[in-house]
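> Let's have the full structure, built from the sequences with the hints guiding it.
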Amino acid sequence: MLKGVAMLPLLVFGELAPPIAEAREVEVGSYLPPSPSDPSFVVFKASPKDTPALRAGNVQPYQFLIPPSWKQSRVANILSGNYCQPKCAEPWVEVKFEDEKQGKVQVVASPLIRLTNKPNASIEEIGSPEKVIASLGPFVTGNSYDPDELLETSIEKIGDQTVNIHLSLKFNLIIHVR
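Residues -23 to -1, 1 to 155 in mature numbering (1 follows the signal peptide of the UniProt record, and there is no 0) are what the sequence shown spells out, letter by letter.
Note that these hints are calculated values from the structure, not bench results.
Treat the hints loosely; a few may be bogus.
As the list claims (entries may be wrong) - Heads up, simulated DMTMM-like pairs for lysine to aspartate or glutamate below, C-alpha to C-alpha not over 20 Å straight-line:
#1 Lys134 / Glu101
#2 Lys48 / Glu77
#3 Lys48 / Glu126
#4 Lys48 / Glu107
#5 Lys78 / Glu4
#6 Lys48 / Asp15
#7 Lys81 / Glu133
#8 Lys108 / Asp123
#9 Lys22 / Glu4
#10 Lys22 / Asp76
#11 Lys78 / Glu2
#12 Lys73 / Glu2
#13 Lys22 / Glu75
#14 Lys134 / Glu107
#15 Lys48 / Glu75
#16 Lys108 / Glu129
#17 Lys48 / Glu4
#18 Lys108 / Glu133
#19 Lys108 / Asp125
#20 Lys108 / Glu67
Okay, structure coming up:
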């Protein structure tokens, strides 16, 4: 099953974060472990305790690197998918982090139905990266997709499975498929 995840800006690869109320005020570097591959980043590893979708089994656990100076932000209940799990029909925000100077990163998950009517479709069957961003764009950026914002795309494969679509816009986006 497709599990789409979008992240803004591009920061890819922990321990559990402190409670959200606490996390909002604390730099993630104070409680997340440094990345073994790049100690200038820390590793955030999502668990079922972090999001309603992980608890419902709608997405696989994921992890990504983030600068240690960033802070975890609250995700509004209406955006978190908490009200509709396990059968959400719209994309939802899993987690969100930000830094006043460097920007924001959020993980957005989407049900397959937002991208295609074909059950268990592969990313290739859904279409081009442009088609994927056109389907998800309003949920990621708040606006509809503007082709002039697209700078480049790339597709990453592991073996014969496509796992990531990278899109460079005025922000960076990764679609991760399992």
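> Against each hint, give a clear statement of whether it holds in the structure.
Here's how the hints hold up against the structure:
no. : hint            : result
1   : Lys134 / Glu101 : 11 Å, holds
2   : Lys48 / Glu77   : 9 Å, holds
3   : Lys48 / Glu126  : 28 Å, violated
4   : Lys48 / Glu107  : 31 Å, violated
5   : Lys78 / Glu4    : 14 Å, holds
6   : Lys48 / Asp15   : 19 Å, holds
7   : Lys81 / Glu133  : 24 Å, violated
8   : Lys108 / Asp123 : 12 Å, holds
9   : Lys22 / Glu4    : 16 Å, holds
10  : Lys22 / Asp76   : 19 Å, holds
11  : Lys78 / Glu2    : 16 Å, holds
12  : Lys73 / Glu2    : 13 Å, holds
13  : Lys22 / Glu75   : 16 Å, holds
14  : Lys134 / Glu107 : 18 Å, holds
15  : Lys48 / Glu75   : 6 Å, holds
16  : Lys108 / Glu129 : 14 Å, holds
17  : Lys48 / Glu4    : 5 Å, holds
18  : Lys108 / Glu133 : 17 Å, holds
19  : Lys108 / Asp125 : 14 Å, holds
20  : Lys108 / Glu67  : 17 Å, holds
The structure shown violates the earlier hints numbered 3, 4 and 7.
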